[in-house]
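Peer 1: Below are the chains, spelled out letter by letter.
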Amino acid sequence: MEFTAQQIAELINGTVEGDTNQVIRDVSKIEEGRPETLTFLANPKYEQHIYNTEASVVIVNNNFKPEKPIKTTLIRVEDAYQALAKLLQLYESSLPKKTGIEQPSFINQSALMGDFVYIGAFAYISEKAKIGNNVQIWPGAFVGEDVEVGDDTIIYSGVKIYKHCKIGNSCIIHAGAVIGSDGFGFAPGPDGEYQKIPQVGNVILEDLVEIGANTTVDRATMGSTIVRKGAKIDNLVQIAHNVEIGANTVIAAQTGIAGSTKIGKNCMFGGQIGVAGHLKIADQVKVAAQSGIGKSVVKDGTVLMGSPAMDAMQYNKSYVMFRKLPAIYQQLQEIEKKVSEK
Amino acid sequence: MEFTAQQIAELINGTVEGDTNQVIRDVSKIEEGRPETLTFLANPKYEQHIYNTEASVVIVNNNFKPEKPIKTTLIRVEDAYQALAKLLQLYESSLPKKTGIEQPSFINQSALMGDFVYIGAFAYISEKAKIGNNVQIWPGAFVGEDVEVGDDTIIYSGVKIYKHCKIGNSCIIHAGAVIGSDGFGFAPGPDGEYQKIPQVGNVILEDLVEIGANTTVDRATMGSTIVRKGAKIDNLVQIAHNVEIGANTVIAAQTGIAGSTKIGKNCMFGGQIGVAGHLKIADQVKVAAQSGIGKSVVKDGTVLMGSPAMDAMQYNKSYVMFRKLPAIYQQLQEIEKKVSEK
Amino acid sequence: MEFTAQQIAELINGTVEGDTNQVIRDVSKIEEGRPETLTFLANPKYEQHIYNTEASVVIVNNNFKPEKPIKTTLIRVEDAYQALAKLLQLYESSLPKKTGIEQPSFINQSALMGDFVYIGAFAYISEKAKIGNNVQIWPGAFVGEDVEVGDDTIIYSGVKIYKHCKIGNSCIIHAGAVIGSDGFGFAPGPDGEYQKIPQVGNVILEDLVEIGANTTVDRATMGSTIVRKGAKIDNLVQIAHNVEIGANTVIAAQTGIAGSTKIGKNCMFGGQIGVAGHLKIADQVKVAAQSGIGKSVVKDGTVLMGSPAMDAMQYNKSYVMFRKLPAIYQQLQEIEKKVSEK
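Residue numbers (our numbering), protein chains in the order written: chain A, 1 to 342; chain B, 1 to 342; chain C, 1 to 342.
Derived from the structure by calculation, the hints contain no laboratory data.
Don't take each hint at face value.
Unchecked claim - If you want a taste of the chain B side facing chain A, the calculated C-beta under 8 Å gives, among others: (1) Leu84; (2) Gln89; (3) Phe122; (4) Pro139; (5) Gly158; (6) Gly176; (7) Asn214; (8) Gly230; (9) Gln272; (10) Gln314.
Yeah, the Cβ is synthetic: ideal placement off N, Cα and C, and Gly gets one too.
Could you build the full structure based on these sequences and the hints that come with them?
Peer 2: Okay, here's the thing in structure tokens:
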């Protein structure tokens, strides 16, 4: 690609500060900027780099006020991060898109295929599956019996979708993710051995859901495990049977949600969080990484931390004291001594 | 399927309370019950739903005493959860079973194949592998050299089993699980670089073991990593080299067991637990989710919590105090002041 | 294989103490030793077993001083663990190596293939990929567009490598690992929905890197996610976009490193650790399992524990007090009472 700063600014509704004719040939990170590349500054943590980046053009927020002289050209926009998203989306959509059916692949004759699909070699489409228009199913992916995949969805290499699951439109499922494996349900018998509870439900991913690499979403015992519209799930996340994840909720890597728990919409979960089963978590709840949630959360917007989790500010205060515990103990012994001596 | 309440009751040795001729066409969760469906009540947490569920028939324990009027037909049994397991198993066994060898698949000519096997397209069976009767190996699974798979075992799509591993009868291995990858063993060299310790052992799964999606079980350095009969392992669990998991032990998602640790039988491990290497854990041990076990556990039936883990009741008591730490600290300062003033 | 103790000693530059003609036919673990097998003692925790192992020959460190009589033959070496590594490497290199291209596989005509490669059935090599000499790509692996794989690298079954990633020489990538999936980047919109930030960077694994089964390494937003020479990553680890892992750093299973964090060289990370994004961790840092690192670590050799992590010794001292908290609280109330009474 080759653009001028002015051309870029027009794409993202921005204003150029500096050389409108500056040529851009690639993108770079601000701390690794190279000449003739475009970069951006959104996280204030990286502001220091704008004063000596080698990048030729930097997208910044309208309200950015430099504290030192800047030698690069700026493009000012309302929201630098969103502008970057838009530019990179334009770039991606300009790349040639895979279509066609590679051989050898396996498509059951009862499967219904949309228009302009890409089916990679070694992909497997089972009986009665319905594949929408513009769907990409990459090499080695497995689509089970009676699975539906909505329009414009991308299923990367090695994804496995068990029977009867429903995948919405414009979803992205990353490599190695497993959708619809059996929930972990066993009835204990009298001799300590376990009877399997067959899991006869399914998984529903609504539109615009993204599922990370090697993440697992178990099918419901009965009914559906549901990930609502626009939810974004990172890598290696475990979503157990009959869980429901609310719309536009984001969950970072390695978090696990136990069975039948319902999480509200617009929540933000950090990485490596555990949530116990059969809970209800309100909307806009924020949970710090590595927290453990053992009770339902009824208040929207609650901010939690710790294991078991509590109000995040309270946790931080307690943790400051935890660090001081040996000194506190020492102090206590000294007081005890004084009191006893009196 | 279509049954009457009476027919269902006979299958699970139960007694009908209500309309014995009530027709059942599907199953549902009690909180999402629909007319002409069968549901169950085992977890008391869900009792509230039985009073207004739309499900037509509910399986309950013999000792269930409703606190309000109930409009649905009940089937009373000794153990509602076990009865459900049995019914769903009957249902599953009534579904048509996959058999036959799909093409293209890859079966080394030295492999031995049992009767009535299903080998999906793109499955790979290596030299000298032995596949038992009624085994299902789903599309894209990989079975390594000299691997044995016992009768009636199901290996789902994309499972990878490295060479020399032994899988018992009636096991289920879910999609994406990896059995027999190298243990994490390296000898540090003088310059900080590492020499790989080749892992020349294997993995043994005994009969009736279930392994969750994307779980990893590493092969032993020498000898065997062993999962004993009837153990149930959830998704995304890590079982390191030379670990042994006792019979009928259940381990929830994202737990990790470090190298050479031996876990007893009939243990119950929550999710996201970590167990250090070279430990021995007794039988019937219960461990709360997210705990970290750093020492061997010698007493059967111990209940643990925390990281590092301690007796669960003790942990809870300490954690109550942790929450109060800022107040405790405040109180201490005030006492100090008083004592100093005197 | 069949060797004498003397022959083994010569291979690892050791000296025999006992029967130089003792025949060795296999290897075993010291606690499961069998006659005519070779074992080793490196971890002092296992010393008890040397006094009654059935193994015929034991490799020990030069400085090992038995506390009881030993009936087996010893081979003394400078470093028993390194000697074992060397022996097992010799053994592995004596096994026949896979070469050749199995059918059906999919190799784009624009891909460049080195000499003596092994391409398993159902492996997929995309356009413009460059595969080095002696590379093994096992069945069902996926190598994306423009991916480079260096000489002598092994890519096991079901590994997925997205486009543009670069894999060095002598790397090992275990089954199910995903290299180059999209980083988790979304720009929040005004209505709570998220815009995807296309991830246009790649992943670079330098030489001698080992990646565990089902581990995920995300591609950079821009630039590269980098794992430096000789780093060893265990199973189910999450490495986010734009992370850098230093040379010879080892990371145990289920640890997660959030976006843009740079970890130094020769670090040792236990399992299930979480590291927040945008941090810088010094060299030779050691972190206990399950710790959570929320701040950069500037001092080389720091030893950390806890979540949030602190100096490990300090953590242990605080945790001892945490266990005592109910007693401390009790003591405090009693002092308060005494003080008030005076």
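Peer 1: Looking back at the hints listed earlier, which ones does the structure fail to meet?
Peer 2: The structure conflicts with hint 10 only, although it agrees with all the remaining ones.
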